[in-house]
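Peer 1: Sequence:
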Amino acid sequence: MTYSLLSYAPRYAILLALLLLPVDTLWAQQVEPAARTSTSTGEQTRVTMDGEQVTASADTPAGGARFTMNMREADIRGFIQWIADRTQKNIIVHRSVRGAVTVISSRAVTADEAYELFLTVLALNGFAAVETDGAIKVIPDAEAKAADIPFAGNESREGEIVTSIISLKHTEAGQFVQTLKPLIPASAHLAAYTPTNSLIVADTARSLNKINQIIGILDRKEGEIELEIIPILHASAEDIVDVVESVVKALDGGASSGAGNAKGKTEEISFAVDKRSNSILITGNRKKRAQIKKLIARLDTPLDGNGNTQVVYLNYIEAEEIVPILQSVGDSMLKDSKTEGLKSFSINSSETNNALVIQAPPSLMNNIKSVISQLDIQRAQVLIEAVLVQVSGDAGDDFGVVWGASEIYSDNPDGAVAAVNTPSAAADPGALVGAALASEDGLTSEELAAGLITNSGLTFGYLKDGNLVGALRAIATRNKSNILSTPTIVALDNEEASLLVGQNVPFITGSATSSGSTVTNPFQTVERQDVGIELTVTPRINQGDSVTLEIEQTTENVSENTTGGEVDLITDKAEIKTSALVRDGQVLVLGGLIREDRTNTRTQVPILGSIPVLGKLFRSYSDKKSKNNLMVFIRPIILKEEMQINGLTRQRYAFMRQQQLQRALSSYISYRDTPLLEEFETFSPTPGSGQVPGLPYDLDNAAP
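With our numbering applied, the sequence shown covers 13 to 716.
Read the hints as simulated data drawn from the structure, not as lab findings. Treat the numbers as computed from the prediction; the structure is a model and nothing was measured. Backbone N, C-alpha and C fix where the C-beta goes; we use that ideal spot for every residue, glycine too. Certain hints may be false.
[Claimed, not checked] Cross-link-like lysine-lysine pairs, in silico, DSS-like; alpha carbons within 30 angstroms at most:
#: 1; residue 1: K222; residue 2: K306
#: 2; residue 1: K652; residue 2: K381
#: 3; residue 1: K347; residue 2: K222
#: 4; residue 1: K347; residue 2: K287
#: 5; residue 1: K347; residue 2: K381
#: 6; residue 1: K300; residue 2: K181
[Claimed, not checked] Distance ranges between label pairs, derived from CB positions:
#: 7; residue 1: L387; residue 2: A302; range: 39 to 49 angstroms
#: 8; residue 1: I212; residue 2: S558; range: 16 to 26 angstroms
#: 9; residue 1: E184; residue 2: Q339; range: 43 to 53 angstroms
#: 10; residue 1: R110; residue 2: R298; range: 48 to 58 angstroms
#: 11; residue 1: L387; residue 2: S558; range: 19 to 29 angstroms
#: 12; residue 1: D596; residue 2: L387; range: 21 to 31 angstroms
Generate coordinates for the entire structure from the input sequences, incorporating the hints supplied.
Peer 2: Here it is as structure tokens:
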């Protein structure tokens, strides 16, 4: 069989599109539909950023695919790129379109629903989408009026900016402009064209539908129609309209018009609801309107007792944390509301029940509860595993001869010679000789010999009557240590967590003693501080399964150079404080500290130590070298599902139990009476199984 090169062109186009896919493209989780016929449309999507077109991924799911859109502080341009990829639309982005957006979806949405959400997000951030020449232009609201806006059609999206020309039959267009301007956004364009008595409106398709409904009610012959706007203070305008419509239909003998959520109509009267101001627009017969106004006045009254008060129980977020947010949202809504009487609003929290007590008008209550449902969601958790590796080494070489002279004593008339090689650590031979010379009574032969014997390394000394003391010292020391620590901690998303393993050490911070003739009570002030390994971390989960970590890692211990009885303790401290971006499950080295110290000391007897060759008998050398390496590794694991959490818990629990078993089996000491960790299934029974965790049991009944 032979194939034409043209048959491979679509595949190369797809491959090229994938290679050109921007790195910062937003990630979203795709939910596969129950039945799927194809996985790609085979087309390319182009997004123009600042006038330059960028090809998006061509691997776009079929129209039945669904996605979960959860984006926090995502770049708006990356969001536009993601929408273009999923909807196969060509989008041109204005250079001033900047900022971050947050989209939280409680359910999976289709590509069409995602595009409607996209239009809503643009509107909330002060941008508009205008379709022209087969492409979508994303521009600021202020420039939308002057853009090439298409005319409204049957397929216009509710959030897209479109132009509509509305012809009026009975009312002058100029009069409608003043009536409609308070009901449309400031960014919309509304103008009257007198020659044809028409209105030119440029706004979202959703807003145009509302304007058409109002015009349909008001555009009637003179004397036939009157309009009244009734603000609702204590109830929901939509609920009152439903009740009033039922009453009016009954009075009219069942004549109705199939009212909707935003508009109702009877034989002689019509209703429209303005959700933003919680008002009802009524047109129709004056007598009928007077009756309805009385009915609305009776319905729109404050409820007795706790009628306007509700208790909302929270599932995840703390009540004290959300109260200031809701208070700010409620105050803002009341401030923006032009309706008199909507000033009664309060929110209190119950810490014991983790609940909110809200007192507000129904319209405000619905908005507050909507905000709560979006904030009170289950947050993900992050398991942070850290590994601290500290490798240190000390090396020292000491060689020399120490001499001294003292008074003659009869404790050692015959003299003594000793040579000892012992690894124990004791006083320096030079210090012993110096003590023997400086002391008024000197040191006895036994005391000096004991000091030389307990010194580390090879020590050779001669003692006789205290007349002349000397020590030949040859010491070599090598110390190595490898400290390995693996702190592990689980933290909620965007919540600080800390772990400390160490000691609480007392530090003397002040003291007072008696001085002169003043009689005081001597005392010391002590402050205790935590010394050990401390890990403080705040994880923030981003899109694409990456985690931003704010980490503060401290390793501190009391220095070995601290001498007992000293007023101030010396601590060795290593600290790393940084922020890092890590993918889920990736190991990252945070930092390393390499320190190397070297000290060379030479001690000699003046003049005698400078004599060639023989001067070595009167000299002493000391060479000390230390090296310290500290490395910190960290790995975050996002805990998304309960099964994953149970699996990690089971794994760690089994490891600790296995350590107990190995300790018991590898030792000659009997541990039969030592409690052993239970089997994980016994310790943590399945929820709802009715099992009760058992008690610890001995090794006779244990199975690894």
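Peer 1: If you test the structure against every hint from before, which numbers come out violated?
Peer 2: 8
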